[in-house]
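Sequences listed follow chains U and S, in order.
Residue numbers for the first sequence follow the numbering used here, beginning at 420 and rising by one.
Residue numbers for the second sequence follow the numbering used here, beginning at 420 and rising by one.
These aren't lab readings, by the way, just hints derived from the structure by calculation.
One or more hints might be untrue.
Copies of the same chain look alike in the list, so a pair counts if it works inside one copy or between any two.
Stated by the list, open to error - In silico EDC-like pairs for lysine to aspartate or glutamate, Cα to Cα no more than 20 Å straight-line: (1) Lys617 to Asp440; (2) Lys725 to Glu452; (3) Lys617 to Asp579; (4) Lys616 to Asp576; (5) Lys617 to Asp555; (6) Lys587 to Asp636; (7) Lys425 to Glu530; (8) Lys617 to Glu650; (9) Lys616 to Glu650; (10) Lys713 to Asp695; (11) Lys425 to Asp459; (12) Lys651 to Asp614.
Owing to the predicted nature of the structure, the values given are computational and were not obtained by experimental measurement.
Protein chains: 2
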Amino acid sequence: MSDSIKVFAPGSVSNVGCGFDILGFAIDGIGDEMILSENDLNKISIKPIEGYENLPTEASKNVAGVAIQAMLDDLGSNQGFDIEIHKNIKPGSGIGSSSASAAGAVVAANELLGKPYSREQLVDFAMQGEVAASGDAHADNAAPTVLGGFCIVRAYDPLDVIQIESPKDLWCVVIHPQIEIKTKEARELLSAQVDLKKAIRQWGNVAGLISGLHQSDYNLIGRSLEDHIVEKQRKILIPEFDNLKQAVLEAGALGCSISGSGPSVFALANGRETADVIAAAMDTVFKRTDLDYKIYVSKVSDGGVKIL
Amino acid sequence: MSDSIKVFAPGSVSNVGCGFDILGFAIDGIGDEMILSENDLNKISIKPIEGYENLPTEASKNVAGVAIQAMLDDLGSNQGFDIEIHKNIKPGSGIGSSSASAAGAVVAANELLGKPYSREQLVDFAMQGEVAASGDAHADNAAPTVLGGFCIVRAYDPLDVIQIESPKDLWCVVIHPQIEIKTKEARELLSAQVDLKKAIRQWGNVAGLISGLHQSDYNLIGRSLEDHIVEKQRKILIPEFDNLKQAVLEAGALGCSISGSGPSVFALANGRETADVIAAAMDTVFKRTDLDYKIYVSKVSDGGVKIL
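Full structure from sequences and hints, please.
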């Protein structure tokens, strides 16, 4: 037994309205804690995860295990690790549960190994962990979880991630209704074809959103958050979505849409004060229901996974 | 008879690879000259345009006339103007011929009237002139021609134009094969539906391109210029397109695609030297054909229409 390290792996919001499958950001207000220790067994061993007995602890099936193994394979190392995960982000919540485990694992392991890789390089390994969870390679949660800020995933093969620093006063409010939506099922709701006209509106909004983020232009960010393709196909899975959206926009949100594939819903706000008003509006809508839910108010993470 | 003014109205490149229908920039290397004079006849009168006898001189059918009339209507003025247009940009060239006339006209008229409008406000009037030419409201040529820089047209109704300053060393090379393509015909080539997967790739590239422009990241601009939807459907109208593209990429271009709806083709380059090498490569490809053509090497216009 030698070194040990503890990290905080933040939750994340992917898609971000118009940026379906190519944009995400991490949030500091919710995340998992993980403790990694080197062992002498040349083996990755994952302790049972309290409260989440359905998550695999077999390293080759667990996102954290697969991500670390991808890194060790690239490095040509057979270092063993014991992994302890304290999960706060529910699987199937739409706020990057599996990405948090994968990202936390590779950042922690990289640290223990003397930082052979940059954060940018770690995104690829974290993404390989994600493949284990979803069967599909997506990096729009993994990239911002590893790096912080807003991350564009421009392309795969090779992976091309562009990081944009978050505007200083941008706050995020997330409500997580405690029901589970499988990403796979949410994906099956989407038409394989879209109208060219709608696609043009969408990439006009993507252009506006990215420009707004670069310029810290909060109004432009708000105007650009619209999604005319995915949201209306998926919102049927989310109880109270229309009421919620109307309430948060009236409360001053810059915009509001589904976080990842749901059921979580996020809103962006200019400043903490408005974010708190939005959180209260979300609470008002959901306390009329018999659903359990949690609300998080948070800045956009500025560095991704943190060493504790 | 009173005041008179002369302006230079630059050509422009719209679509810019991935940014179909939402992005454009103006170029200083080619443009029209226009002379506007106030008259006392309460009437817009357009002199016959030398070399382009097919262009309408009736004010209600000419883009310059329609654009100025839209401005006068908004202003509640019945001021008359005489307009003289020295056209260098051929209609149907794909480098914003009608936008140049519309933009030059409204900037000149606004100046003579004592600047009741900002440049931003003039975009809407120039666009109304464009409607006269194409029957369809698009602002991805008109906006950069009036304003300069790169312009995102995020949305219409209301018109939302976002200007981005061009990176300092960004140069553009345009080849204009002297054949005519009607925008309407080029539009009819496009499928009304696109694969969601291709649309996602496209807006990933749009995000990368806008981020690259904001950061003056020339490599990112180059990687993001790809268009996976429109180019392959339209390039059949452009002689030598594939050879041309290959040659300019080998010559060091950041990227290359169709300018507007063609037949002009543009390439972007980091620095004047590379731009000249690209121009030579274009020349080599086209001098093997029996087509007339013109090549322009130019920086991106930094202010749009210029008062001479």
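Going down the list of hints, with the structure as the test:
| no. | hint | result |
| --- | --- | --- |
| 1 | Lys617 to Asp440 | both (16 Å within a copy, 12 Å between copies) |
| 2 | Lys725 to Glu452 | within (10 Å within a copy, 59 Å between copies) |
| 3 | Lys617 to Asp579 | between (25 Å within a copy, 17 Å between copies) |
| 4 | Lys616 to Asp576 | between (28 Å within a copy, 15 Å between copies) |
| 5 | Lys617 to Asp555 | between (25 Å within a copy, 16 Å between copies) |
| 6 | Lys587 to Asp636 | within (11 Å within a copy, 22 Å between copies) |
| 7 | Lys425 to Glu530 | within (10 Å within a copy, 65 Å between copies) |
| 8 | Lys617 to Glu650 | both (13 Å within a copy, 18 Å between copies) |
| 9 | Lys616 to Glu650 | both (16 Å within a copy, 16 Å between copies) |
| 10 | Lys713 to Asp695 | within (14 Å within a copy, 60 Å between copies) |
| 11 | Lys425 to Asp459 | within (19 Å within a copy, 81 Å between copies) |
| 12 | Lys651 to Asp614 | both (14 Å within a copy, 18 Å between copies) |
Going through the hint list in order, the structure satisfies each hint without exception.
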